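Make a model of the complete structure from these sequences and hints.
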Amino acid sequence: KKYEVLTADNCCCGTCRELGWYNYAELRDLVEEMDQAIKKRSNDAHGLPTMKALLDRVDKEERFRRGPFSGHLRPDSPVAHHCQRYQLSACADSRFRSPCT
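So for the sequence shown, the working numbering puts the first residue at 4; every next one is plus one.
Quick caveat, the hints were computed from the structure, so don't treat them as lab data. It is possible that some hints are incorrect.
Said to hold, decoys possible - The following label-pair restraints were derived from C-beta to C-beta distances: (1) G74 <-> A40: 36 to 42 angstroms; (2) D96 <-> E36: 33 to 39 angstroms; (3) E36 <-> R77: 34 to 40 angstroms; (4) A48 <-> D96: 49 to 55 angstroms.
In this text, all values refer to a predicted model and were calculated from it rather than measured experimentally. Even glycine gets a Cβ: it sits at the ideal position worked out from N, Cα and C.
Take a look at the structure:
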(Lines of atoms letter the chains of each structure in order from A and count residues from 1; the text may use other names and numbers.)
(Lines give C-alpha, C1' and ligand atoms only; values in the text may rest on other atoms or scores of the structure.)
Protein backbone atom coordinates (compact mmCIF):
# COMPACT_ATOMS: atom_id res chain seq x y z
CA LYS A 1 0.00 0.00 0.00
CA LYS A 2 1.17 3.46 -0.78
CA TYR A 3 -1.19 5.28 1.61
CA GLU A 4 -3.28 4.13 4.52
CA VAL A 5 -5.12 5.51 7.51
CA LEU A 6 -2.67 6.12 10.33
CA THR A 7 -2.98 4.14 13.51
CA ALA A 8 -0.86 4.05 16.65
CA ASP A 9 0.97 1.10 15.03
CA ASN A 10 1.88 2.67 11.68
CA CYS A 11 2.36 6.37 12.43
CA CYS A 12 5.89 7.45 11.61
CA CYS A 13 6.02 11.13 12.59
CA GLY A 14 8.55 12.36 15.15
CA THR A 15 5.94 12.40 17.91
CA CYS A 16 4.97 8.75 17.48
CA ARG A 17 8.09 7.01 16.22
CA GLU A 18 9.87 5.45 19.20
CA LEU A 19 7.35 7.37 21.32
CA GLY A 20 9.05 10.58 20.21
CA TRP A 21 11.31 10.73 23.25
CA TYR A 22 14.44 11.20 21.17
CA ASN A 23 12.96 14.54 20.01
CA TYR A 24 13.43 15.97 23.49
CA ALA A 25 17.11 15.01 23.57
CA GLU A 26 17.55 16.54 20.12
CA LEU A 27 15.85 19.74 21.24
CA ARG A 28 18.15 19.95 24.28
CA ASP A 29 21.15 19.49 21.95
CA LEU A 30 19.93 22.31 19.71
CA VAL A 31 19.56 24.68 22.67
CA GLU A 32 23.08 23.82 23.83
CA GLU A 33 24.45 24.26 20.29
CA MET A 34 22.84 27.71 20.07
CA ASP A 35 24.44 28.60 23.40
CA GLN A 36 27.86 27.48 22.14
CA ALA A 37 27.44 29.35 18.85
CA ILE A 38 26.55 32.58 20.68
CA LYS A 39 29.52 32.16 23.01
CA LYS A 40 31.83 31.59 20.04
CA ARG A 41 30.55 34.69 18.23
CA SER A 42 30.86 36.81 21.37
CA ASN A 43 34.32 35.49 22.31
CA ASP A 44 32.79 33.84 25.38
CA ALA A 45 31.39 37.18 26.57
CA HIS A 46 27.91 35.69 26.89
CA GLY A 47 25.84 32.71 25.88
CA LEU A 48 22.16 32.15 25.21
CA PRO A 49 20.49 34.26 27.90
CA THR A 50 17.41 32.05 28.11
CA MET A 51 19.18 28.69 27.95
CA LYS A 52 18.14 27.48 31.40
CA ALA A 53 14.54 28.58 30.86
CA LEU A 54 14.42 26.83 27.47
CA LEU A 55 15.85 23.60 28.87
CA ASP A 56 13.37 23.78 31.77
CA ARG A 57 10.50 24.11 29.25
CA VAL A 58 11.75 21.09 27.31
CA ASP A 59 11.94 19.07 30.55
CA LYS A 60 8.44 20.18 31.60
CA GLU A 61 6.95 19.27 28.21
CA GLU A 62 8.63 15.85 28.26
CA ARG A 63 7.32 15.13 31.76
CA PHE A 64 3.80 16.10 30.63
CA ARG A 65 3.93 13.89 27.51
CA ARG A 66 5.28 10.91 29.47
CA GLY A 67 2.78 11.28 32.29
CA PRO A 68 -0.59 13.05 32.25
CA PHE A 69 -0.92 13.31 28.46
CA SER A 70 -0.25 9.64 27.70
CA GLY A 71 -2.71 8.62 30.42
CA HIS A 72 -5.54 10.43 28.62
CA LEU A 73 -5.08 8.80 25.20
CA ARG A 74 -7.36 5.94 24.23
CA PRO A 75 -7.66 4.02 20.93
CA ASP A 76 -11.33 5.07 20.83
CA SER A 77 -12.88 7.94 22.74
CA PRO A 78 -15.76 10.37 22.17
CA VAL A 79 -13.41 13.21 23.17
CA ALA A 80 -11.22 14.30 20.24
CA HIS A 81 -8.25 15.30 22.41
CA HIS A 82 -8.15 11.81 23.93
CA CYS A 83 -8.96 9.77 20.81
CA GLN A 84 -5.93 8.23 19.06
CA ARG A 85 -8.07 7.43 16.02
CA TYR A 86 -8.90 11.12 15.59
CA GLN A 87 -5.43 12.38 16.51
CA LEU A 88 -3.90 10.23 13.77
CA SER A 89 -6.45 11.32 11.15
CA ALA A 90 -5.71 13.60 8.25
CA CYS A 91 -8.55 16.12 8.57
CA ALA A 92 -7.69 17.74 5.23
CA ASP A 93 -8.12 14.48 3.29
CA SER A 94 -11.38 12.58 3.79
CA ARG A 95 -9.77 9.33 2.59
CA PHE A 96 -7.66 9.29 5.73
CA ARG A 97 -10.11 10.84 8.19
CA SER A 98 -11.40 8.80 11.12
CA PRO A 99 -14.07 10.11 13.47
CA CYS A 100 -13.97 9.68 17.23
CA THR A 101 -16.03 6.78 18.47
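The hints, checked one at a time:
no.: 1; hint: G74 <-> A40: 36 to 42 angstroms; verdict: holds (38 angstroms)
no.: 2; hint: D96 <-> E36: 33 to 39 angstroms; verdict: holds (36 angstroms)
no.: 3; hint: E36 <-> R77: 34 to 40 angstroms; verdict: holds (38 angstroms)
no.: 4; hint: A48 <-> D96: 49 to 55 angstroms; verdict: holds (51 angstroms)
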